[in-house]
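Chemist: Chain by chain, the residues:
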Amino acid sequence: MSTPLVKLENVNYYYNRGKPSEVHALKNINIEIPRGGYAAFFGPSGCGKTTLTYLIGGIETENTDSGNILINGRDLRGLEKKELAVYRQIGVGIIFQQFNLLPSLTVLDNVALPMAFLGIDVERRKKEALKLLDRFGMTKYSARFPSDLSGGQQQRVSIARALSNNPPLIIADEPLGNLDSENANKALEFLKELNEKDGRTIIMVTHESWSLRDARLVIYLKDGEVIRTDEPKNKIDAKKSLSEHFYKQLYPESPPENLMAQSLSSMLARGLSGQEIKRFELFLAERLKGNITSEHFIDFLDQPFKDGGLGLWKQRAIKISETVDELAHNRKKVEDVYHELERNPEVPLYEEISKMRDWLLSSYSGTLDEIGRVRFDEAVEDRIRNVISSEHFCRVLELPRKDFGVGLSMSAIRGISERLESALTGKKYQVLH
Amino acid sequence: MENKKTKILIIDDNEIIRMMFSNIFWLHGLDDTYELNTVARADEALKQIDDPSSRPDIIFMGLVMPFEKGGKVTPSVEAGFTIIKHIKESSDLSRIRIIVLSGYQDAEFQQKALDMGVEHYLKKSESMPQNILELIRSLHQS
Chain A
3 MSTPLVKLEN VNYYYNRGKP SEVHALKNIN IEIPRGGYAA FFGPSGCGKT
53 TLTYLIGGIE TENTDSGNIL INGRDLRGLE KKELAVYRQI GVGIIFQQFN
103 LLPSLTVLDN VALPMAFLGI DVERRKKEAL KLLDRFGMTK YSARFPSDLS
153 GGQQQRVSIA RALSNNPPLI IADEPLGNLD SENANKALEF LKELNEKDGR
203 TIIMVTHESW SLRDARLVIY LKDGEVIRTD EPKNKIDAKK SLSEHFYKQL
253 YPESPPENLM AQSLSSMLAR GLSGQEIKRF ELFLAERLKG NITSEHFIDF
303 LDQPFKDGGL GLWKQRAIKI SETVDELAHN RKKVEDVYHE LERNPEVPLY
353 EEISKMRDWL LSSYSGTLDE IGRVRFDEAV EDRIRNVISS EHFCRVLELP
403 RKDFGVGLSM SAIRGISERL ESALTGKKYQ VLH
Chain B
67 MENKKTKILI IDDNEIIRMM FSNIFWLHGL DDTYELNTVA RADEALKQID
117 DPSSRPDIIF MGLVMPFEKG GKVTPSVEAG FTIIKHIKES SDLSRIRIIV
167 LSGYQDAEFQ QKALDMGVEH YLKKSESMPQ NILELIRSLH QS
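Top line first, the protein sequences correspond to chains A and B. Heads up, the first sequence is in this note's numbering, so the first residue is 3 and it goes up one at a time. Heads up, the second sequence is in this note's numbering, so the first residue is 67 and it goes up one at a time.
Don't take each hint at face value.
[Unchecked claim] One-sided excerpt, in silico: chain A residues whose CB lies under 10 Å from chain B: (1) Asn14; (2) Arg76; (3) Leu181.
[What the hints assert, rightly or not] Using 27 Å as the maximum straight-line C-alpha spacing, the simulated DSS-like pairs for lysine-lysine come out as follows: (4) A:Lys128 x B:Lys189; (5) B:Lys70 x A:Lys84; (6) A:Lys133 x B:Lys73; (7) A:Lys142 x A:Lys9; (8) A:Lys194 x A:Lys129; (9) A:Lys9 x B:Lys71; (10) A:Lys84 x B:Lys178; (11) B:Lys113 x A:Lys129; (12) A:Lys321 x A:Lys291; (13) A:Lys129 x B:Lys135; (14) B:Lys138 x B:Lys71; (15) A:Lys83 x B:Lys190; (16) B:Lys113 x B:Lys70; (17) A:Lys129 x A:Lys199; (18) A:Lys142 x A:Lys199; (19) A:Lys188 x A:Lys404; (20) B:Lys71 x A:Lys128; (21) A:Lys84 x B:Lys189.
These aren't lab readings, by the way, just hints derived from the structure by calculation. Each residue gets a CB set at the ideal place from its N, CA and C atoms; glycine is no exception.
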């Protein structure tokens with residue numbers, strides 16, 4: 003068997019070791035990525051995925067506490083400083099999330115810069131840099147400065163720069179983080195091309211499940227540990243093979259009713275004072291626990307503040323009570339979804355989600371057509387599986403149709419997101435009734 | 067049957083160039099096909115070339131390197147030409163393929179090297195890692 007391009011053996015990494023602020027950022031990491039492979043490090047923020055790529059990229063390598071970081075069989079930890087510097091220049095190209103272009107250099111000079119390290123003369127550097135810019139359709143911007151470019155354009159420059167010394171390994175750290183969906187798709191196409199056409203080994207760091215579509219090895223990380231490794235056989239697998247570990251970690255501490263009451267109160271009790279909201283949360287939690295009936299709850303909402311109530315109009319009190327009941331009912335559906343997922347993480351959720359759709363959309367006055375519904379359901383599914391954040395969920399709903407979004411208004415999205423997040427919050431909560 | 071690895075010797079007094087070569091071989095997985103050695107000085111190079119057990123099949127070398135003359139060591143183009151002459155004038159050694167990777171773009175040196183039997187004369191300042199990689203692969207095929 004041929005030597006893997008990247009192999010980590012029992013790697014441990016600490017931040018601030020020996021200090022009170024010590025963090026064990028990587029715990030006993032063991033992974034292998036074959037030459038020509040396309041791997042994704044997938045996990046929520048803070049799981050250690052970026053630290054891991056820094057070690058592989060020769061950036062934080064010297065500070066590794068234990069273990070071996072083998073690149074084509076050779077341990078980076080055994081390299082001298084100078085050798086490591088050469089490795090960083092010709093061994094690996096990193097595409098940073100923030101692009102990291104130098105603002106004072108033109109696009110052309112940014113791409114040409116890494117070649118200067120190898121003593122290549124300026125004419126040759128420019129010629130090579132132009133070739134790379136041409137490959138990504140950026141030639142006409144060569145004399146511009148990074149600040150003149152859009153995010154998508156800056157990223158293409160950043161990809162060109164990563165290739166400038168022809169590294170066999172490309173690391174893309176959250177390459178889609180700052181892009182709209184059209185440019186994000188393009189970025190994925192470029193990575194795929196670098197992998198399939200150039201034969202380069204790709205490591206992509208991501209927290210977005212849809213970006214896993216081309217990965218042939220998915221390494222799931224959580225709290226500095228590899229919790230699972232998958233080799234998806236096709237694209238659909240890659241997207242669907244999301245571990246139960248992930249939806250289980252949605253709000254792990256979840257002191258359920260109170261947490262839910264908090265998030266609900268922001269949705270239901272807009273315009274109340276801080277003191278009123280506190281009181282509202284208290285009663286809401288009681289209602290959610292089933293300790294008071296809906297009649298009691300309405301009474302509480304209706305009574306004047308001085309009498310221990312909230313002083314709302316009766317009609318508003320009834321409406322809020324109904325919303326809470328609806329929500330509890332839909333929570334039950336969310337619970338069912340989770341139970342189903344626990345039995346079978348790969349289970350499709352179309353049906354469950356279509357059942358929730360009307361409820362989620364109840365504050366939306368328009369109607370969704372077929373495509374809109376499909377996209378909407380997909381976004382809800384990704385959110386339930388916790389493969390996208392609530393912010394990203396809102397972004398998908400907001401994006402125009404032509405950019406593969408749903409194209410909803412901000413006000414409609416707010417209502418939808420609040421409903422969904424409330425239903426997801428503190429999911430251990432026992433449903434009333 | 068195990069194939070014998072092709073031996074490549076890098077002769078250059080510039081540490082970065084030596085590291086670049088060894089990195090290219092290591093990172094692009096050429097270590098399986100080639101056995102790479104690097105030396106910084108002409109006398110070390112000659113030792114390896116003359117010893118049949120370490121004798122290279124292919125040499126990449128600079129021209130201007132430290133050279134001892136009259137008890138004084140100075141950088142001189144003679145360092146490179148001495149090695150080329152030593153190889154190409156010996157029936158045991160003349161089959162060794164030589165590629166010069168020079169920081170000097172003097173046409174006279176280039177012509178002289180090619181006349182002496184050097185296969186390629188590259189300019190350091192124009193040789194990107196990918197060019198070196200391609201050349202190594204093409205040498206292997208020819």
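Chemist: Of the numbered hints stated earlier in the document, which are not met by this structure?
Modeler: 1, 3, 5, 6, 7, 10, 11, 13, 14 and 20
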